[in-house]
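Peer 1: Given chain A, work out where chain B should sit, using these hints.
Taken in order, these protein sequences are the chains called A and B. As numbered in my numbering, residues 189 to 338 make up the first sequence, in order. As numbered in my numbering, residues 213 to 376 make up the second sequence, in order.
The reader is advised that the hints may include incorrect statements.
Label-pair restraints from in silico Cβ distances [what the hints assert, rightly or not]:
| hint | chain 1 | residue 1 | chain 2 | residue 2 | range |
| --- | --- | --- | --- | --- | --- |
| 1 | B | K349 | A | I202 | 30 to 36 Å |
| 2 | B | V236 | A | K314 | 30 to 36 Å |
| 3 | B | N336 | A | T230 | 55 to 61 Å |
| 4 | A | T230 | B | I232 | 34 to 40 Å |
| 5 | B | M279 | A | G213 | 43 to 49 Å |
| 6 | A | T196 | B | L353 | 43 to 49 Å |
| 7 | A | Y320 | B | A306 | 40 to 46 Å |
| 8 | B | V303 | A | I289 | 47 to 53 Å |
| 9 | A | Y284 | B | M289 | 28 to 34 Å |
| 10 | B | N336 | A | K314 | 24 to 30 Å |
| 11 | B | P354 | A | V295 | 47 to 53 Å |
| 12 | A | V295 | B | L283 | 24 to 30 Å |
| 13 | A | P199 | B | G307 | 43 to 49 Å |
Once the Cα atoms are required to be at most 27 Å apart in a straight line, the calculated DSS-like pairs of lysine-lysine come out as [to be verified]:
| hint | chain 1 | residue 1 | chain 2 | residue 2 |
| --- | --- | --- | --- | --- |
| 14 | B | K374 | A | K315 |
| 15 | A | K314 | B | K304 |
| 16 | B | K323 | B | K238 |
| 17 | A | K325 | A | K315 |
| 18 | A | K325 | A | K314 |
Hints were generated in silico from the structure; no laboratory data involved. Predicted model only: the values in this text are computed from it and were never measured. In this text, a Cβ means the ideal position worked out from N, Cα and C, and glycines have one as well.
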Amino acid sequence: MPSPSYPTLWPFLIYGILVLLLAGGMLFISHFLGERHQEKETDEVYEAGIEATGTARLLFPVHFYLIAMFFVIFDLEAVFIISWAIAIRDVGWGGYLAVVIFVAILVAVLIYEWRIGALNFGPQGKKILRAYRHKIKGVNHNEVVDKQNN
Amino acid sequence: MSLPTILFWILAVISILSAIGVVVAKNPVHSVLLLIVTFFTITGFYILLNAQFLAVVHIIVYAGAIMVLFLFVIMLMNLNASGEPQKNNLVKFAGVVAGGLLLIVLVAALKKADTGMLIQGSTNIGLIQNLGKVLFKDFVLPFEVSSILFLSAMIGAIVIGKKD
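For reference, chain A alone in the conformation it holds in the complex (with noise of 0.2 Å):
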């Protein structure tokens, strides 16, 4: 049970009920402004015409965890620096201070992982960008040398 005295709850009620209405109120109002019909395609995933394939329940890469992982721990400390900024003007120069030693230690995390390419996502774009490059260099360069040559 809650102790006798309590903080102030009615604000955060009614923010709360306003969420709530605000949320129900485009539900409900949407559903009876909204259009509705039933053709051939409306039940396919993409309207558009594209055609689905399989189930969307797929493995996913172990990737996508890790970029979670990051999430977390970034979110953590999020929430320390929020502490800081309610007690700013507290904890003065001194809490200064700390939080920028804390963040100088993220953001050596933040380049760290940049440079180690834990960031990267997909298929190197730049590698094969690169290669492109690269082959079309060797053609363009048989080019330029013939057009010495006339």
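Peer 2: The following block gives chain B in isolation, referenced to the frame of chain A:
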């Protein structure tokens, strides 16, 4: 009944129902969504207890980040509703016995617990501002050490995840 008491009972009912739903739901994604509902009601308890920092952490970290991890694990493991193996009765029975024993231990421990030491009335230590004051004045060094911990966690995740 006062307003916090009414809120407490509403939240308690929702949290217990959604927690049962987490266990009962067949689809693991539904379990995750119900777990998010449970976390939100627990956040409500924290606010009733004047622990706003815990409430914020619970929303941001648990309902946000940890649930993302759970969803990713479910997708990585590819738990189809049809692919889930049916557990036999022996395993179910063992689970019921183990869970019941845990419940007995918890109830016994809580019945013996001394509540006389609890501070009655509201404290302000749970407010974010007071926590920030304590954290950045008295516990600066542990705070910086925690950032080193984050660094090592991040590098560990990279080393494990990039094994190709």
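Peer 1: Against each hint, give a clear statement of whether it holds in the structure.
Peer 2: Against the structure, the hints come out as follows:
no. : hint                        : in the structure
1   : B/K349 - A/I202: 30 to 36 Å : holds, 34 Å
2   : B/V236 - A/K314: 30 to 36 Å : violated, 49 Å
3   : B/N336 - A/T230: 55 to 61 Å : holds, 57 Å
4   : A/T230 - B/I232: 34 to 40 Å : holds, 37 Å
5   : B/M279 - A/G213: 43 to 49 Å : violated, 27 Å
6   : A/T196 - B/L353: 43 to 49 Å : violated, 35 Å
7   : A/Y320 - B/A306: 40 to 46 Å : violated, 60 Å
8   : B/V303 - A/I289: 47 to 53 Å : holds, 51 Å
9   : A/Y284 - B/M289: 28 to 34 Å : violated, 44 Å
10  : B/N336 - A/K314: 24 to 30 Å : violated, 54 Å
11  : B/P354 - A/V295: 47 to 53 Å : violated, 21 Å
12  : A/V295 - B/L283: 24 to 30 Å : holds, 29 Å
13  : A/P199 - B/G307: 43 to 49 Å : holds, 44 Å
14  : B/K374 - A/K315             : holds, 19 Å
15  : A/K314 - B/K304             : violated, 53 Å
16  : B/K323 - B/K238             : violated, 34 Å
17  : A/K325 - A/K315             : holds, 15 Å
18  : A/K325 - A/K314             : holds, 16 Å
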